[in-house]
Amino acid sequence: MSDMNSIYRQVIMDHYKNPRNKGLKEEEGYVLCHLKNPSCGDMINVESKIQNGLVSDIRQDGQGCSICCASASIISETLKGKSVKDALNIIDNYLKMVSNEEYDKSIDLDELAVFEGIKDFPARVRCASIAAQALRKTLEKEEKNA
Amino acid sequence: MSDMNSIYRQVIMDHYKNPRNKGLKEEEGYVLCHLKNPSCGDMINVESKIQNGLVSDIRQDGQGCSICCASASIISETLKGKSVKDALNIIDNYLKMVSNEEYDKSIDLDELAVFEGIKDFPARVRCASIAAQALRKTLEKEEKNA
Amino acid sequence: MNYKQYFPVFQNRKDMVYLDSAASSLKPKKVSDAITDYYNFYSGNIERGVYPISFEATAIVEKVREKIALFINASKEEVIFTRGCTDSLNTVALSLKENLKKGDEIITTELEHHSSFLPWLKASEEKGAVIKFIPLTEEGKITVDNFKKVLSDKTKIVAISHVSNVMGYLTPVKEIIALSHIKGAIVSVDGAQAAPHMKIDVKDLDADFYSFSFHKMCGPTGLGVLYGKKELLNSMEPVELGGEMNDEVSKDNVTYKNIPYKFEAGTMPIAEIFGAGAAIDFLNEVGFGYIEKRDKELSGYAKKLLRSIPEIVIYNDYEESPIIAFNIKGIHSHDAVSFYSENNVCLRAGLHCAEPLHKWLNITASLRASFYFYNDESDVEKFIFVTKKAIAFFKEVGYLE
Amino acid sequence: MNYKQYFPVFQNRKDMVYLDSAASSLKPKKVSDAITDYYNFYSGNIERGVYPISFEATAIVEKVREKIALFINASKEEVIFTRGCTDSLNTVALSLKENLKKGDEIITTELEHHSSFLPWLKASEEKGAVIKFIPLTEEGKITVDNFKKVLSDKTKIVAISHVSNVMGYLTPVKEIIALSHIKGAIVSVDGAQAAPHMKIDVKDLDADFYSFSFHKMCGPTGLGVLYGKKELLNSMEPVELGGEMNDEVSKDNVTYKNIPYKFEAGTMPIAEIFGAGAAIDFLNEVGFGYIEKRDKELSGYAKKLLRSIPEIVIYNDYEESPIIAFNIKGIHSHDAVSFYSENNVCLRAGLHCAEPLHKWLNITASLRASFYFYNDESDVEKFIFVTKKAIAFFKEVGYLE
Ligand SMILES: Cc1ncc(COP(=O)(O)O)c(C=O)c1O
Ligand SMILES: Cc1ncc(COP(=O)(O)O)c(C=O)c1O
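Protein chains in written order, with this note's numbering: chain A, 1 to 146; chain B, 1 to 146; chain C, 1 to 401; chain D, 1 to 401.
The hints are simulated quantities; they were obtained by calculation from the structure and are not laboratory data. On a predicted model such as this, the values are computed, not experimentally measured, just so you know. A virtual CB, placed ideally from N, CA and C, is assigned to each residue, including glycine. Accuracy of the hints is not assured; some may be wrong.
Claimed, not checked - Chain C side only, calculated, beta carbon under 7 Å to chain D, not exhaustive: (1) T36; (2) G44; (3) T221; (4) C353.
Claimed, not checked - Label pairs and their computed distance ranges (CB to CB): (5) D:E175 <-> B:E111: 24 to 34 Å; (6) B:E143 <-> C:K293: 48 to 58 Å; (7) C:E231 <-> B:E102: 50 to 60 Å; (8) C:S250 <-> D:K329: 44 to 54 Å; (9) D:H181 <-> A:K85: 35 to 45 Å; (10) C:E231 <-> B:P122: 28 to 38 Å; (11) B:N18 <-> C:E231: 42 to 52 Å; (12) B:E143 <-> C:G184: 50 to 60 Å; (13) A:D120 <-> D:K203: 28 to 38 Å.
What the hints assert, rightly or not - Mimicking DSBU-like on lysine-lysine, the simulated pairs with C-alpha atoms at most 35 Å apart in a straight line are: (14) C:K67 <-> D:K29; (15) C:K329 <-> A:K17; (16) A:K82 <-> D:K29; (17) C:K251 <-> D:K101; (18) D:K251 <-> C:K183; (19) A:K144 <-> D:K101; (20) B:K141 <-> C:K76.
Can you make the complete structure from the sequences, with help from the hints?
Written as C-alpha cells, this is what we have:
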C-alpha cells in the first residue's frame with residue numbers, strides 16, 4: 001500500500017482534521033467562488049480578499065473527501081500573503097503536478113508538494129484540484145480587472 | 001437469371017402494361033383504401049364494392065413498380081365476383097405464399113399463382129403484398145360490420 | 001456454475017472484483033461476437049436497401065425486436081429501440097408533456113434516478129404542472145398506502161422506478177399502476193435496475209411505459225428499449241423526426257409510419273441490436289431463477305459479513321436486493337473507494353445520480369456494492385477483506401480514530 | 001492502393017459490388033477491433049467509477065473527443081456525442097425552437113434529407129414560424145444568389161445540408177453562413193454526406209452547428225456528433241435530462257454541468273466511441289486528398305460510361321460528386337434495383353429520405369449509386385455491365401420496348 005500511503009500522509013490528515021482558514025467571512029472585499037464535483041458530492045467555497053496586488057486573505061468552506069478538504073486548507077495557508085501573480089503561478093504548477101503534466105519544479109509549492117502522489121490516482125485529481133480551480137477563477141478575474 | 005425470370009413473367013408484364021379495372025369510381029357503395037410503401041414510393045388505391053356478401057366490383061389505381069401495379073391488377077381480376085369470405089381466404093393464402101410462409105395449397109389462387117417466385121425476393125414481398133393488404137383492410141371492416 | 005469464463009474482461013483483469021453492475025454490467029463474449037458479426041458480414045444499412053446484406057440485416061434486427069417482445073411479454077410493435085434508458089424516459093416525457101395543463105399533478109419519488117425524475121421536473125416547470133413526491137417510509141421504501149396519499153383526480157402522470165438504483169427496493173408497481181389507471185393517470189416505469197434481475201411482464205404489470213438499457217443486462221452500450229402500450233404509442237407525437245419514420249413528406253406536411261417505426265428516426269444502432277439479441281439469448285440461458293437466487297445469496301452473504309463490522313453503516317436493509325448502500329462511518333466515500341480500487345475491488349462512490357435520495361438520507365455521499373450472477377462468494381470475501389483492511393489503514397493514517 | 005483488404009465484409013462477400021456508401025459506408029476491421037477492445041478490456045461504465053477499468057475507459061473516450069475536435073477543427077467541449085446525425089439535427093431544433101416566435105422565418109431547401117427538414121417543419125408548425133425554401137436552379141443546385149432571395153430580417157434559422165444525399169451537390173455553405181450571420185440568423189449544417197468525403201473545418205465555415213454520423217464514415221453504428229459553437233451551446237437548454245449531465249439536483253431545481261456534458265444525458269455509447277476513434281485514425285491514414293481524388297475518378301468514370309447508354313437518364317450532372325442519381329428510362333427503380341441485387345451490385349432505389357426533392361424532380365423514385373475510396377474501377381465496370389444486362393433483360397421480358 002505504498003501508493004495509498006503516498007497520498008494519505010500526515011500533513012493531509014492534519015489539514016483534513018484541523019482545517020485552516022475555515023469558514024467564510026462574507027464581508028466586503030471578499031470574493032467567493034463555489035465549485036462542485038457533481039458525481040461524488042464534493043463542494044467547495046473559496047473566498048479571497050485582494051489588497052494592493054496581494055492575496056491578503058483566503059477563507060474556505062465546503063464538504064468533500066479528505067483530499068478535497070485538505071487541499072482547500074493547504075491552498076489557503078500556502079497562498080495567503082502571496083502576490084496575485086505568484087499565487088496564480090503556484091496554482092498553475094500545482095494543477096499540472098497533480099494532473100501528471102510537465103511543471104516547473106523550480107517553483108516552491110511549499111506544503112502543496114504533499115499532493116505529488118495524487119498524479120498516480122487519476123480518479124482523485126479532480127478532488128485535489130477543485131479548491132485550486134475555484135481560487136484561480138477569482139484571481140484571474142481580479143488580474144483582468146486590475 | 002432463372003430467378004429474375006421467375007418473377008418477371010409474361011402475365012405480370014401484361015397486367016403491368018395493360019392494367020385491368022384501372023381508375024377509381026368514387027361512387028356511392030365503393031370503399032377506398034390507400035396504402036403506401038414509403039421507402040420506394042409505391043402507392044396504391046384499391047376501391048371495392050360489396051353487395052349481398054359478394055365483392056361485386058374492384059377498382060385500382062396508383063403508382064409503383066411492375067410487381068406492385070401488376071399485383072393490384074391481378075387481385076382485382078381474380079377476386080371480383082367472389083364472396084367476401086372466399087376473397088379474404090384467397091388474400092390470406094396469397095400473402096402467405098409470397099412471404100414464404102405455409103399456406104393452404106388446395107385453395108385456387110388462380111392468376112395470383114404467378115407471384116409464387118416472389119418468395120425468393122424478400123425485398124419485393126412488400127411490393128407484391130400492398131394491393132392485397134389494402135383490399136383486405138376494407139373487406140375485413142365490411143365483414144365486421146355485416 | 002462459473003459464469004466468469006463467459007466474460008473476457010475477467011481473463012484480462014484476473015484479480016478484479018467487480019461490484020458495480022448496477023452502473024453497468026460486464027459483457028459476455030457472445031455479445032461482442034454478435035456485434036463483430038454485423039461488421040464482418042453485413043456492415044451496411046438496413047430498411048432502405050434491397051440487396052442481400054441489407055435485407056438480411058433487417059430481418060435479424062426484426063427478429064431481435066421479436067425476441068425482446070417475448071422477453072418482456074409485449075408485442076413486437078410496442079418495442080422501440082432507443083439510445084438507452086435515459087433516452088426512453090425522456091421520449092415519454094417530451095411527447096406526453098404536450099397534454100399537461102396547469103395544475104395537473106405528476107407523482108414521483110425521492111428514490112428516482114435523475115433520468116426518471118428530471119425530464120418531468122422540466123416538463124412540470126414548462127407546463128405549470130405540480131410534482132408530488134410519495135412520502136417514503138422510515139426505511140426509505142415506497143408503499144401503496146403512501147402512494148394513495150398523493151394520488152388524486154389531478155394526477156396525470158406517475159413516473160416511478162421499478163427498483164431503486166441505490167436502495168435496491170422493489171416498488172409495488174403493479175398495485176400503483178392499477179390505482180393510477182382508476183384515476184386515468186399514465187404510468188412510466190423506469191426498469192433500468194429491474195430488467196437485469198427479474199422476469200419483466202409488462203402485460204401483467206399493465207405498465208403504460210417501461211424503459212431499460214442493455215448495458216446493464218449483459219448487452220451492448222448505446223442501446224435501450226422503450227416499451228409503450230400500442231394505443232398510447234399510436235396516439236402520441238414522435239419527438240425526433242427524420243429519415244425512415246415517415247410515410248409521406250411534402251414541403252408542408254408529413255405523415256408518420258406505424259409504430260414502432262414512428263419513434264425510430266434515422267439510421268438505427270444496428271450492430272448494437274445484433275448485440276442485444278445475443279444478450280437476451282444469454283440471459284435466457286442463464287435464467288432469471290438462477291439470477292435471482294444468486295443475487296440473494298451473494299448480497300445476503302455480503303450483508304451478513306458487513307453487519308459484523310462496527311465501523312460500517314448500511315442504508316438499505318432489504319435482503320432481496322442485489323445492491324448494498326453503505327459507508328465506513330467517518331470516512332468520506334470517495335476516500336474509501338480509492339482504497340477499494342487500489343485493492344482491485346470496483347465499487348461506486350458518490351451520489352449515484354440520485355441526489356434527492358441522498359438529501360433524504362441526510363448524507364453527502366455513499367458507497368454502493370452491487371452484485372450480479374457472475375459474482376461469486378470469493379468476490380464477497382475479498383470485498384469484506386478489503387473493507388477491514390481499509391478500516392485498519394484509515395486508522396493507521398489517523399483518518400479514523 | 002487496394003483498401004478492400006481492410007474491410008472484412010469483402011472477404012465474406014467476395015463478389016459484392018457495394019455502391020451504397022451514401023446510405024452507410026462499410027466498416028474496416030480496425031473499427032470492430034476497437035469496439036471489441038472495449039468489451040474485452042473495460043466492459044464497465046465511464047465517468048462514474050473511480051476504479052481502473054472505469055477511469056481508463058473515461059480517458060479513452062475523452063481522447064476520442066479531442067481527436068474528433070481536431071478532425072473538424074473545433075474545441076473539445078464543442079463536440080457532443082449523439083445517437084447519430086438525425087439525433088444531432090433534432091437536438092438543435094428541439095432546443096432552439098423555444099426562441100422562435102410567430103412570423104419568424106426558417107430557411108431550408110427541397111434538397112434536404114428528411115432528418116434536416118422535418119424537425120424544423122414541426123418546430124415551425126408549433127411556433128407559427130414560416131418555412132422558406134431557397135429556389136433551386138434548373139439543375140437543382142443551391143446558389144448564393146438564390147439564397148439572398150429568401151434571406152430577410154425575419155430569418156432566424158437556416159437549416160441546410162453541406163452535400164445533398166441524392167444530388168451530391170456541394171452547397172456554398174461558407175457564403176450562406178456569412179450572409180446569415182449578418183442578419184443574426186443561426187445556421188445548422190447537415191454534414192452527413194460531407195464529413196465522410198472532405199476535410200471539414202467548422203471554424204473556417206463559421207458554422208453554428210454541424211452534424212454527422214459515424215456509420216457513413218467507416219465508423220460504428222449508433223453514434224453521431226453534434227458540433228456547436230461554445231457560446232451557443234452555453235446559452236441553450238439541453239433537450240434530454242438525466243444522469244451525468246447535471247451539477248446539483250434537488251426536489252425542485254437542477255443546475256447543469258458545463259458543455260459538452262450538459263447535452264450528454266445518461267450512459268454514453270462507450271464502445272461506439274472507441275470505434276469512432278479507430279474510424280478517425282483510419283480516415284486520417286487514408287487522407288482526404290486520396291478520398292476526394294478517388295471519389296472523382298470513380299464517379300467520373302461511371303458517369304462517362306453511363307452517359308453512353310441511351311436508356312439511362314442521369315439527374316445530377318455534377319462531376320465532383322461521389323453520388324449518381326439516375327434511372328433506366330421506363331423501368332421503375334424498384335424493379336431495376338432487384339436486377340442489380342441479383343447480380344451482386346448493391347444500389348439504392350426509392351426516395352432516399354428526400355421526398356420533396358423527388359417531387360421537385362417530378363419523378364416517383366430514383367436509383368442511386370454512391371462511391372467511396374474502397375471502390376475500384378472493376379466495381380464501376382461490373383456496375384455498367386449489369387446495367388446493360390438489365391436493359392437487355394427488361395427488353396426481353398417485354399418491360400421495355
Ligand atoms: C434506476 C435507473 N434509471 C435510469 C438509469 C439511466 O440509464 P442509462 O444511463 O443507461 O440511460 C439508470 C442507470 O444509470 C438507473 O440506475
Ligand atoms: C444528408 C443526410 N442527412 C441526414 C442523414 C441522417 O443520418 P442518420 O440516419 O445517420 O441519422 C443522412 C443519412 O441517412 C443524410 O444522407
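Taking the numbered hints from earlier one at a time, note which ones the structure violates and give those numbers from smallest to largest.
-> 5, 7, 8, 12, 16 and 19
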